[in-house]
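Student: Here the protein sequences line up with chains B and D, keeping their order. Numbering (the UniProt record's numbering) for the first sequence: 1 to 342. Numbering (the UniProt record's numbering) for the second sequence: 1 to 342.
Rather than coming from a laboratory, the hints here were simulated on the basis of the structure. Backbone N, C-alpha and C fix where the C-beta goes; we use that ideal spot for every residue, glycine too. Among the hints, erroneous ones may be present.
[Unchecked claim] Stretch by stretch, here's where chain B covers chain D in the computed footprint (C-beta under 8 Å, at least three residues):
id, region
1, 47-56
2, 134-146
3, 163-177
4, 200-206
5, 281-287
6, 329-337
[Said to hold, decoys possible] Straight line, CA to CA, 25 Å or less: simulated DSS-like cross-link-like pairs of lysine-lysine:
id, chain 1, residue 1, chain 2, residue 2
7, D, Lys22, D, Lys123
8, B, Lys123, D, Lys296
9, D, Lys123, B, Lys22
10, D, Lys160, D, Lys17
11, B, Lys46, D, Lys46
12, D, Lys123, D, Lys17
13, B, Lys211, B, Lys200
14, B, Lys17, D, Lys248
15, B, Lys46, D, Lys150
16, B, Lys152, D, Lys46
17, D, Lys116, B, Lys46
18, D, Lys116, D, Lys69
19, B, Lys69, B, Lys160
20, B, Lys150, B, Lys69
21, B, Lys323, B, Lys160
22, D, Lys185, B, Lys150
23, B, Lys150, B, Lys323
24, B, Lys150, B, Lys296
25, B, Lys152, B, Lys248
26, D, Lys323, D, Lys296
27, D, Lys150, B, Lys123
28, B, Lys200, B, Lys185
29, D, Lys323, B, Lys150
30, B, Lys248, B, Lys123
31, B, Lys17, B, Lys116
32, B, Lys22, B, Lys211
33, B, Lys116, B, Lys211
34, B, Lys248, D, Lys17
35, D, Lys160, B, Lys248
36, D, Lys160, D, Lys323
37, D, Lys152, B, Lys46
38, D, Lys152, D, Lys304
2 protein chains.
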Amino acid sequence: MEQRTELSTLGEFGLIKLINEKFPINNPETLKGIGDDAAVIDSAGKELVVSTDLLIEGIHFDLSYCPIKLLGYKSVAVNVSDIAAMNAIPKQITVSLGLSNRISVEAVEELYEGIKAACDEYKVDLVGGDTSASRSGLVISITALGFAEKEKIVYRNTAKVNDIVCVSGDFGAALMGLQTLEREKQVFLANPDMQPQIDKDRDYVIERQLKPQARMDVVYELRDLGVVPTSMIDVSDGLAAELLHICKNSGVGAVIFEDKIPIEDQTYLTATELNFSPMTAALNGGEDYELLFTVKQEDYEKIKNMNDVSIIGYITNDVTDAKMMMKSGNLVNITAPGYEHF
Amino acid sequence: MEQRTELSTLGEFGLIKLINEKFPINNPETLKGIGDDAAVIDSAGKELVVSTDLLIEGIHFDLSYCPIKLLGYKSVAVNVSDIAAMNAIPKQITVSLGLSNRISVEAVEELYEGIKAACDEYKVDLVGGDTSASRSGLVISITALGFAEKEKIVYRNTAKVNDIVCVSGDFGAALMGLQTLEREKQVFLANPDMQPQIDKDRDYVIERQLKPQARMDVVYELRDLGVVPTSMIDVSDGLAAELLHICKNSGVGAVIFEDKIPIEDQTYLTATELNFSPMTAALNGGEDYELLFTVKQEDYEKIKNMNDVSIIGYITNDVTDAKMMMKSGNLVNITAPGYEHF
Numbered sequence: 001m002e003q004r005t006e007l008s009t010l011g012e013f014g015l016i017k018l019i020n021e022k023f024p025i026n027n028p029e030t031l032k033g034i035g036d037d038a039a040v041i042d043s044a045g046k047e048l049v050v051s052t053d054l055l056i057e058g059i060h061f062d063l064s065y066c067p068i069k070l071l072g073y074k075s076v077a078v079n080v081s082d083i084a085a086m087n088a089i090p091k092q093i094t095v096s097l098g099l100s101n102r103i104s105v106e107a108v109e110e111l112y113e114g115i116k117a118a119c120d121e122y123k124v125d126l127v128g129g130d131t132s133a134s135r136s137g138l139v140i141s142i143t144a145l146g147f148a149e150k151e152k153i154v155y156r157n158t159a160k161v162n163d164i165v166c167v168s169g170d171f172g173a174a175l176m177g178l179q180t181l182e183r184e185k186q187v188f189l190a191n192p193d194m195q196p197q198i199d200k201d202r203d204y205v206i207e208r209q210l211k212p213q214a215r216m217d218v219v220y221e222l223r224d225l226g227v228v229p230t231s232m233i234d235v236s237d238g239l240a241a242e243l244l245h246i247c248k249n250s251g252v253g254a255v256i257f258e259d260k261i262p263i264e265d266q267t268y269l270t271a272t273e274l275n276f277s278p279m280t281a282a283l284n285g286g287e288d289y290e291l292l293f294t295v296k297q298e299d300y301e302k303i304k305n306m307n308d309v310s311i312i313g314y315i316t317n318d319v320t321d322a323k324m325m326m327k328s329g330n331l332v333n334i335t336a337p338g339y340e341h342f
Numbered sequence: 001m002e003q004r005t006e007l008s009t010l011g012e013f014g015l016i017k018l019i020n021e022k023f024p025i026n027n028p029e030t031l032k033g034i035g036d037d038a039a040v041i042d043s044a045g046k047e048l049v050v051s052t053d054l055l056i057e058g059i060h061f062d063l064s065y066c067p068i069k070l071l072g073y074k075s076v077a078v079n080v081s082d083i084a085a086m087n088a089i090p091k092q093i094t095v096s097l098g099l100s101n102r103i104s105v106e107a108v109e110e111l112y113e114g115i116k117a118a119c120d121e122y123k124v125d126l127v128g129g130d131t132s133a134s135r136s137g138l139v140i141s142i143t144a145l146g147f148a149e150k151e152k153i154v155y156r157n158t159a160k161v162n163d164i165v166c167v168s169g170d171f172g173a174a175l176m177g178l179q180t181l182e183r184e185k186q187v188f189l190a191n192p193d194m195q196p197q198i199d200k201d202r203d204y205v206i207e208r209q210l211k212p213q214a215r216m217d218v219v220y221e222l223r224d225l226g227v228v229p230t231s232m233i234d235v236s237d238g239l240a241a242e243l244l245h246i247c248k249n250s251g252v253g254a255v256i257f258e259d260k261i262p263i264e265d266q267t268y269l270t271a272t273e274l275n276f277s278p279m280t281a282a283l284n285g286g287e288d289y290e291l292l293f294t295v296k297q298e299d300y301e302k303i304k305n306m307n308d309v310s311i312i313g314y315i316t317n318d319v320t321d322a323k324m325m326m327k328s329g330n331l332v333n334i335t336a337p338g339y340e341h342f
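Using the sequences and the hints given, assemble the complete structure.
Tutor: See below:
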């Protein structure tokens, strides 16, 4: 039987000790991490970039199919993704947890294992947080701090007419992963004796849902190439919605090409099996955490061979209107269903 | 009848718009507030200080006697208090909310009214956050950012032998306020027809519980006097616990004097009526949010006339042991019951 230690045996100070031991400070800018009223950070002459997310059990995640370790990883990755979307380098995070007594010490350790794995991956220091009881489900609040020179910070409201529209990675996979997991959960709920069976040929879409990556590799490659995008946003609410954000905020329009939208084969296959339109999944599925950015035409030569980056269209002066050129030659308006959490 | 608008009628974007309108940016260092993937802040060559708190309904607050506007105020004040305890100046906060559908648009507006009042009081900009649904109670996560020159930042582990121990304000009032409110709630629960009656002569202790103040005035006065404390901490878990933190972290001891511990008359009276020891309330009651700090002996002349600051003892070489000199002349050990939230 799996070991289960009640949180009460560890206590708040025991938990802080556990975290302290697991998370040594690595960045020289982190002058003080956990252990005082606040963390102290040397900004080294750069601008500070701050992003925060609140994740609540039953709303943002379902522990019945999301391994708690991956949840820890994902919580950090999605915040780092926001820092990446500003073209900044993440350096520190704070993690606050509300823990219900359903959660054992072992589960909390697993959660921090995942957080630690993401901290290592993205080279960020955990510098603070708050842990407390929660009467209901698990609550995770993460704030990420990043830094960049002022002239390297990229906003979403600065795309210009004729800029090239680029994306990293591919789209729709995270939604197809979620649909697959939800379906398995329904099978399991209907017949608890039947263990969820996840086909090997769904591994990619499921990993994209459970363990998304912040595209820091793209941020670093852009630096190496000497390219500062004219605008950038991370794709958390679907490619269509984020493109519309850039257009609306920048006062421009865009045309993207249907046949340029990157969609993985497994996303196609899963969508087809689940009676989803792959293109709808790509445009409106959330949680891809890829980067959508625009660059000047004169930077085309520099970016055309970037790793895992696709050119999907261009910016127009057709104010705040985004269109997709279909394979058929028709131009259709891009819309995004309001992504409402209430 | 009071107006009640369901949150769903406002939506996430409506809520963001509401916040945006209510919270203009005031600090020139805040380059970008709400509206992009992350906020952008100019650290102006100073060190960054970061503190975060997670407040969960049913654990940290009880909406049955805590007006939601004051809850908003308090949530900000307690984070600013952590920044004050580092001898830094608060500049920005992020506020994330998990909202159950029990909460109306009007209640959310009240909450933000209180947050706004505290932002105005402490001159901080609200620069970001996250709002989402919550299956259970209200969840508030606040991160505060402050700045200070490196040489002005004060830690809790740097008290030195012979330093003078000082406190701002008075102690035990917040606990007595909580006890009063809890008692009124029990009366109300026993007989819902009986409206809670809060005596005028409990106004101070109740205000100390519901609307604590971060002692930025002390931080500013210390700057005016040219004094940098040798150590500092804010008193959230009781004076005894925080003094022990300073001793343990600094590897020193302390002696404080019973007759120097500041306790308000109303705290005394309330404690007596509720069969509490006023001194126990002062030493072990939480949520006073006063500052406990140490200064060098040579700074005595500078600090002796500070507004609302008391000298209560001195630091000894009696490693990690804190004692209180009683009026009787006896020296007793100071202890603090573990403040466990699990």
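Student: Work down the list of hints and note, for each, if the structure agrees.
Tutor: Hint-by-hint comparison with the structure:
1. Counting residues of the region 47-56 of chain D whose CB falls under 8 Å from any CB of chain B gives 9; the rule of at least 3 is met.
2. Chain B is given as covering the region 134-146 of chain D, and this holds because 10 residues of the stretch bring a CB closer than 8 Å to a CB of that chain, at least three being needed.
3. Against chain B, the region 163-177 of chain D contributes 0 residues with a C-beta closer than 8 Å to a partner C-beta. That does not satisfy the three-residue criterion, and the hint is violated.
4. For a cut-off of 8 Å, the count of residues in the region 200-206 of chain D with a CB near a CB of chain B stands at 0, and the three-residue condition is violated.
5. Look at the region 281-287 of chain D against chain B: 0 of its residues bring a Cβ nearer than 8 Å to a Cβ of that chain, fewer than three, so the hint is violated.
6. Figure legend: the region 329-337 of chain D, annotated as covered by chain B; annotation inconsistent (0 residues with Cβ-Cβ distances under 8 Å, at least 3 required).
7. For the suggested pair Lys22 (chain D) and Lys123 (chain D), the alpha carbons sit about 14 Å apart, so the restraint of at most 25 Å is met.
8. Taken as a hint, the Lys123 (chain B) and Lys296 (chain D) pair is broken in the structure, with Cα atoms around 39 Å apart against an allowance of 25 Å.
9. Using a Cα cut-off of 25 Å, the hinted pair Lys123 (chain D) and Lys22 (chain B) is violated, with the two alpha carbons roughly 36 Å apart.
10. Using a Cα cut-off of 25 Å, the hinted pair Lys160 (chain D) and Lys17 (chain D) is violated, with the two alpha carbons roughly 50 Å apart.
11. The hinted pair formed by Lys46 (chain B) and Lys46 (chain D) meets the criterion: a straight-line CA distance of about 10 Å does not exceed 25 Å.
12. Note on Lys123 (chain D) and Lys17 (chain D): the hinted pairing holds, with a Cα-Cα distance of about 21 Å set against a maximum of 25 Å.
13. At roughly 16 Å between alpha-carbon atoms, Lys211 (chain B) and Lys200 (chain B) fall within 25 Å of each other, so this suggested pair holds.
14. Our distance criterion of 25 Å between C-alpha atoms is met by Lys17 (chain B) and Lys248 (chain D), whose separation comes to about 15 Å.
15. Distance restraint check for Lys46 (chain B) and Lys150 (chain D): the Cα-Cα separation of roughly 16 Å lies within the 25 Å cut-off, and the hinted pair is therefore satisfied.
16. Under the criterion of a C-alpha separation no larger than 25 Å, the hint pairing Lys152 (chain B) with Lys46 (chain D) is consistent with the structure, at around 20 Å.
17. Distance hint between Lys116 (chain D) and Lys46 (chain B) is unfulfilled; the C-alpha atoms sit about 29 Å from each other, more than 25 Å.
18. Among the hinted pairs, Lys116 (chain D) with Lys69 (chain D) is consistent with the structure: their alpha-carbon atoms are about 10 Å apart, no more than 25 Å.
19. About 41 Å separates the Cα atoms of Lys69 (chain B) and Lys160 (chain B), which puts this hinted pair outside 25 Å; it is violated.
20. For the suggested pair Lys150 (chain B) and Lys69 (chain B), the alpha carbons sit about 35 Å apart, so the restraint of at most 25 Å is broken.
21. Note on Lys323 (chain B) and Lys160 (chain B): the hinted pairing holds, with a Cα-Cα distance of about 16 Å set against a maximum of 25 Å.
22. Proposed proximity of Lys185 (chain D) and Lys150 (chain B) is contradicted: the alpha carbons are some 53 Å apart, above 25 Å.
23. A threshold of 25 Å between alpha carbons decides the hint, and for Lys150 (chain B) with Lys323 (chain B) the separation of about 32 Å lies outside it, so the pair is violated.
24. Among the hinted pairs, Lys150 (chain B) with Lys296 (chain B) is consistent with the structure: their alpha-carbon atoms are about 19 Å apart, no more than 25 Å.
25. Between Lys152 (chain B) and Lys248 (chain B), the direct Cα distance comes to roughly 22 Å. Compliance with the 25 Å bound is thereby established for this hinted pair.
26. Annotation: proposed proximity of Lys323 (chain D) to Lys296 (chain D) holds, straight-line Cα distance about 20 Å (limit 25 Å).
27. A distance of roughly 24 Å separates the Cα atoms of Lys150 (chain D) and Lys123 (chain B); the hinted pair therefore holds under the 25 Å criterion.
28. Taken as a hint, the Lys200 (chain B) and Lys185 (chain B) pair is honoured in the structure, with Cα atoms around 17 Å apart against an allowance of 25 Å.
29. Of the supplied pair hints, the one linking Lys323 (chain D) and Lys150 (chain B) is violated, its CA atoms being roughly 51 Å apart against a limit of 25 Å.
30. Restraint check: the Cα-Cα separation between Lys248 (chain B) and Lys123 (chain B) comes to about 34 Å, which exceeds 25 Å; the hinted pair is violated.
31. At roughly 15 Å between alpha-carbon atoms, Lys17 (chain B) and Lys116 (chain B) fall within 25 Å of each other, so this suggested pair holds.
32. At roughly 21 Å between alpha-carbon atoms, Lys22 (chain B) and Lys211 (chain B) fall within 25 Å of each other, so this suggested pair holds.
33. For the hint pairing Lys116 (chain B) with Lys211 (chain B), the CA-to-CA distance comes to about 14 Å; that is within 25 Å, so the pair holds.
34. Distance restraint check for Lys248 (chain B) and Lys17 (chain D): the Cα-Cα separation of roughly 15 Å lies within the 25 Å cut-off, and the hinted pair is therefore satisfied.
35. Simply put, Lys160 (chain D) and Lys248 (chain B) have alpha-carbon atoms about 58 Å apart, too far for the 25 Å limit, and the pair is violated.
36. Taken as a hint, the Lys160 (chain D) and Lys323 (chain D) pair is honoured in the structure, with Cα atoms around 16 Å apart against an allowance of 25 Å.
37. Restraint check for Lys152 (chain D) and Lys46 (chain B): the C-alpha separation of about 20 Å stays at or below 25 Å, so the hint holds.
38. Under the criterion of a C-alpha separation no larger than 25 Å, the hint pairing Lys152 (chain D) with Lys304 (chain D) is consistent with the structure, at around 20 Å.
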